[in-house]
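Could you put the whole structure together from the sequences, leaning on the hints where they help?
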Amino acid sequence: MKAGSNLEKMLTAGHFAVTGELGPPQGNDAEEVRHKASYLKGIVESVNITDNQTAVVRMASWAACKILIDEGLEPNYQMVCRDRNRLALMADILGATALGIKNVLCLSGDHQRFGDHPEGKNVYDLDSVQLLATFKKMRDEKKFLNDKDLEGAPELFIGAASNPFADPFEYRVHRLAKKIAAGADFIQTQCIYNMDKFREFMKQTVDMGLHEKCYILAGITPMKSVGMANYMAKFVPGMDVPAEIVQRLKGVDKKDQGAEGIKIAIEQIEEMKEMEGVAGVHVMAIEWEHRAKEVIEGAGLLPRPTLD
Amino acid sequence: MIIGDSKPLEEILEMIEGRDKVLVLGCRGCVTVCNVGGEKEVGILASALRIARKKEGQPPSVEEMTIERQCDPEYIEELAEVAEEYDAIVSIACGVGPQFVSERYPLVAVFPGINTTFMGGATEHGVWVERCQSCGNCLVHNFGGLCPIARCSKSLMNGPCGGSASGNCEISKDVPCVWHQIVDKMAAMGRLQELETVWPNKNWLTSRDGGPRTRVREDLKQ
Amino acid sequence: MRLQYPTNVRVIQLPCSGRVDILHLLRAFEDGADGVYVAGCMEGDCHFLTGNLKAARKVEYVKTVLSELGIEPERMEMFNMSSAEGPRFAEVAQEFTQAIKELGPSPVPAAQAA
Chain X
1 MKAGSNLEKM LTAGHFAVTG ELGPPQGNDA EEVRHKASYL KGIVESVNIT
51 DNQTAVVRMA SWAACKILID EGLEPNYQMV CRDRNRLALM ADILGATALG
101 IKNVLCLSGD HQRFGDHPEG KNVYDLDSVQ LLATFKKMRD EKKFLNDKDL
151 EGAPELFIGA ASNPFADPFE YRVHRLAKKI AAGADFIQTQ CIYNMDKFRE
201 FMKQTVDMGL HEKCYILAGI TPMKSVGMAN YMAKFVPGMD VPAEIVQRLK
251 GVDKKDQGAE GIKIAIEQIE EMKEMEGVAG VHVMAIEWEH RAKEVIEGAG
301 LLPRPTLD
Chain C
1 MIIGDSKPLE EILEMIEGRD KVLVLGCRGC VTVCNVGGEK EVGILASALR
51 IARKKEGQPP SVEEMTIERQ CDPEYIEELA EVAEEYDAIV SIACGVGPQF
101 VSERYPLVAV FPGINTTFMG GATEHGVWVE RCQSCGNCLV HNFGGLCPIA
151 RCSKSLMNGP CGGSASGNCE ISKDVPCVWH QIVDKMAAMG RLQELETVWP
201 NKNWLTSRDG GPRTRVREDL KQ
Chain L
1 MRLQYPTNVR VIQLPCSGRV DILHLLRAFE DGADGVYVAG CMEGDCHFLT
51 GNLKAARKVE YVKTVLSELG IEPERMEMFN MSSAEGPRFA EVAQEFTQAI
101 KELGPSPVPA AQAA
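Protein chains in written order, with the working numbering: chain X, 1 to 308; chain C, 1 to 222; chain L, 1 to 114.
Mixed in with the good hints, there may be bad ones.
Have a look at the derived ranges for each label pair, beta carbon to beta carbon [unchecked claim]: (1) G167(C) <-> E95(L): 27 to 33 Å; (2) T50(L) <-> E10(C): 29 to 35 Å; (3) E130(C) <-> R57(L): 21 to 27 Å; (4) T50(L) <-> T206(C): 41 to 47 Å; (5) R217(C) <-> M42(L): 57 to 63 Å; (6) I286(X) <-> D87(C): 55 to 61 Å; (7) E95(L) <-> E39(C): 34 to 40 Å; (8) A187(C) <-> T50(L): 34 to 40 Å; (9) E74(L) <-> E10(C): 19 to 25 Å; (10) L103(L) <-> G136(C): 53 to 59 Å; (11) A13(X) <-> S166(C): 16 to 22 Å; (12) D45(L) <-> E39(C): 31 to 37 Å.
No farther apart than 25 Å at their CA atoms in a straight line, the calculated lysine to aspartate or glutamate pairs in the DMTMM-like style are these [unchecked claim]: (13) K148(X) <-> D209(C); (14) K54(L) <-> D5(C); (15) K137(X) <-> E103(C); (16) K234(X) <-> E200(X); (17) K234(X) <-> E85(C); (18) K173(C) <-> D83(X); (19) K63(L) <-> D184(C); (20) K58(L) <-> E124(C); (21) K143(X) <-> D209(C); (22) K213(X) <-> E194(C); (23) K55(C) <-> E81(C); (24) K203(X) <-> E194(C); (25) K136(X) <-> E194(C); (26) K58(L) <-> E10(C); (27) K173(C) <-> E151(X); (28) K40(C) <-> D34(L); (29) K136(X) <-> E196(C); (30) K54(L) <-> E124(C); (31) K55(C) <-> E91(L); (32) K7(C) <-> E60(L); (33) K7(C) <-> E74(L); (34) K202(C) <-> E212(X); (35) K54(L) <-> E74(L); (36) K58(L) <-> D5(C); (37) K58(L) <-> E63(C); (38) K185(C) <-> D140(X).
The hints are simulated quantities; they were obtained by calculation from the structure and are not laboratory data. Predicted model, so just to flag it, every value in this text is computed and none were measured. Backbone N, C-alpha and C fix where the C-beta goes; we use that ideal spot for every residue, glycine too.
Printed below as a string of structure tokens:
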């Protein structure tokens, strides 16, 4: 065991894992974090806590992680390279693990030009691959990047993201391989809608044997409406929403579109369960935490297996 | 070369307000080549400033001068006789110019007439693109001759990130994803496997992050 | 043809409208011209292929400079006409003069010596 987190234990035991996601508030309301977390308690192994997602300032990810721990949930601490240099990244992971955080997800981060402070200066001292290598070094070699010994090394289950739908497609699996080589223990993918393309991506992944070197969790985000589907298709970079998904949502009454979106998500998970190389799903019910249970339950993933 | 962009006239007029005798000082270096600070642009800016002053009924005393380089003391010296006659010198060289001029003539008010934007080149007449960030440790040969530090919006050494779409960067459809270009180029050269290397964290000491830089060549020093 | 056009129009001949320089146009305003226009050949008919198109872009540039200086950009225009169209030349001269008269004198006083 690297960190002994629920997520790690569940994956190591060979169970099909489920993770959730929670975006901290644009303010310091701890109650909002607790409220959102209450919907995810008991239905997922761990919950990703986003880090200034879409470059919009929110409550610090580590702080929201701590609130989850206090509520009896397990967080996945997301960290982006946009806002911190190597000093701050290493300091924060030491602080986070001291608070009991065991899972981390290393990301480059959306460019701040998208966000609410586009005039800001970005950092990108490290990139996401280098961040993985940094944390692996801190954990395995018990050393800082400068090779000095740590007085107490972090025990971490280290994660990375992969977007099978970004370009160039043929290179995606090679970048995944780089992340695994750098230190990723688990991978969570971008939201998947184009199943054909994802199947092709997984085939390449399995052919390269990458699924044996790390656990791959497929990203699932239920569509709330046709509007959301159109928005994702047109405005979210690297998102692939096939026309059939939009058509299917359009085919039902507006009030039933959410239910249809959940139904699509459930069908996707059913397929993921059978797909070679997929070790679990990452359910990102964005600002829809209260419906996450319907998706997970609908896919026959409840109750969650108990661990010894 | 160093690429620049003219400052808005309004900003320059505000800088020189109340200063009667003005010199617009051009440079025959980079800014001449990128059509922003050479003799021609000195003429245009000086003419515009005179128009503005005449319009306000002020003495239009705006003179013109262009020197070989504003980043070399020997050429700055050419101003020695005249510099202190002016109430303002508007330098339209890169950011080096106004500093060298004001260091040499500390009593004269020196103003920057252009914004220095980046180090790059012209892809066609009238179009300039950024190519270098002067990180102090060139690695472009490892990336198909393309610089990920200067040309990737996130300076990723292990790209492309998940925001690369249809050959473009996530920040804008007008910005090519250099990592997409790197992958294509390396593939075309049959060197794709070289990108499997995980590039370790970069040493930014040679970059601006290491503090202001000075370069000394003992063999050339006098 | 002995066509009449306003006597206030001072013609400066160039081999091609593309030869006009931003500086020529600005200097005219600096010396107190109330309006300046460039008469170029019809688009597509440039003997040097793109001279008149380049002139049009320089005219646009000068318009932006005038705007920045708080001077009506309409004081600077580009007209395309064929060299075989004498009457059109006279007509443009009249129209532009009329338009400038409506704008009134330039806020830049004419050069003292003139």
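Status of each hint after checking the structure:
Here the CB-CB span from G167(C) to E95(L) is close to 49 Å, at odds with the stated 27 to 33 Å. The hinted range of 29 to 35 Å is satisfied by T50(L) and E10(C), whose Cβ atoms lie roughly 32 Å apart. Look at E130(C) against R57(L): about 24 Å separates their beta carbons, and that is inside 21 to 27 Å. In this structure the hint that T50(L) and T206(C) lie 41 to 47 Å apart at CB holds, the actual value being about 45 Å.
Between R217(C) and M42(L) the beta carbons are some 59 Å apart, a value that agrees with the proposed interval 57 to 63 Å. In this structure the hint that I286(X) and D87(C) lie 55 to 61 Å apart at CB holds, the actual value being about 60 Å. A hinted range of 34 to 40 Å for the beta carbons of E95(L) and E39(C) is consistent with their spacing of about 36 Å. The hinted window of 34 to 40 Å between A187(C) and T50(L) holds, with their beta carbons roughly 39 Å apart.
Checked against the hint of 19 to 25 Å, the C-beta distance between E74(L) and E10(C) comes to roughly 20 Å, which is consistent with it. Our hint of 53 to 59 Å for L103(L) and G136(C) holds, since their Cβ atoms are close to 56 Å apart. Against the hinted window of 16 to 22 Å, the Cβ-Cβ separation of A13(X) and S166(C) comes to about 41 Å, which falls outside the hint. Take D45(L) and E39(C): their Cβ atoms lie about 33 Å apart, and the range 31 to 37 Å holds.
At most 25 Å may separate the alpha-carbon atoms for a hinted pair to count; K148(X) and D209(C) meet this at roughly 22 Å. With a C-alpha separation of about 21 Å, the suggested pairing of K54(L) with D5(C) holds against the 25 Å cut-off. Only pairs whose Cα atoms come within 25 Å are accepted, and K137(X) paired with E103(C) is rejected, the gap being roughly 48 Å. The straight-line distance between the Cα atoms of K234(X) and E200(X) is roughly 23 Å, inside the 25 Å bound, and the hint therefore holds.
In summary, the hint linking K234(X) to E85(C) is not supported, as the alpha carbons are separated by about 60 Å, beyond the 25 Å threshold. Between K173(C) and D83(X) the CA atoms are separated by roughly 24 Å; this keeps the pair inside 25 Å, and the hint holds. Only pairs whose Cα atoms come within 25 Å are accepted, and K63(L) paired with D184(C) is rejected, the gap being roughly 43 Å. Proposed proximity of K58(L) and E124(C) is supported: the alpha carbons are some 18 Å apart, at most 25 Å.
For the proposed pair K143(X) and D209(C), the alpha carbon gap of about 23 Å is at most 25 Å, so the pair holds. Only pairs whose Cα atoms come within 25 Å are accepted, and K213(X) paired with E194(C) is accepted, the gap being roughly 21 Å. Between K55(C) and E81(C) the alpha-carbon distance is near 31 Å, which puts this suggested pair outside the 25 Å criterion. Between K203(X) and E194(C), the direct Cα distance comes to roughly 23 Å. Compliance with the 25 Å bound is thereby established for this hinted pair.
Taking the CA atoms of K136(X) and E194(C), the gap is near 23 Å; set against the 25 Å cutoff, the hint holds. Pair hint K58(L) plus E10(C) holds up; C-alpha atoms about 20 Å apart against a cutoff of 25 Å. Restraint check for K173(C) and E151(X): the C-alpha separation of about 47 Å exceeds 25 Å, so the hint is violated. For the suggested pair K40(C) and D34(L), the alpha carbons sit about 24 Å apart, so the restraint of at most 25 Å is met.
For the hint linking K136(X) to E196(C), the alpha-carbon distance of about 18 Å falls within 25 Å, and the restraint holds. Restraint check: the Cα-Cα separation between K54(L) and E124(C) comes to about 15 Å, which is no more than 25 Å; the hinted pair holds. For a cut-off of 25 Å, the pair hint linking K55(C) to E91(L) is broken: about 30 Å separates their Cα positions. Only pairs whose Cα atoms come within 25 Å are accepted, and K7(C) paired with E60(L) is accepted, the gap being roughly 18 Å.
Between K7(C) and E74(L) the alpha-carbon distance is near 23 Å, which keeps this suggested pair within the 25 Å criterion. Note on K202(C) and E212(X): the hinted pairing is violated, with a Cα-Cα distance of about 30 Å set against a maximum of 25 Å. Straight-line distance between C-alpha atoms of K54(L) and E74(L) comes to about 19 Å, which keeps the hinted pair within the 25 Å bound. Between K58(L) and D5(C) the alpha-carbon distance is near 17 Å, which keeps this suggested pair within the 25 Å criterion.
A C-alpha spacing of about 23 Å is found between K58(L) and E63(C), which places the hinted pair at or below 25 Å, so the restraint holds. A distance of roughly 36 Å separates the Cα atoms of K185(C) and D140(X); the hinted pair therefore is violated under the 25 Å criterion.
Checked against the numbered hints above, the structure violates hints 1, 11, 15, 17, 19, 23, 27, 31, 34 and 38; every other hint is satisfied.
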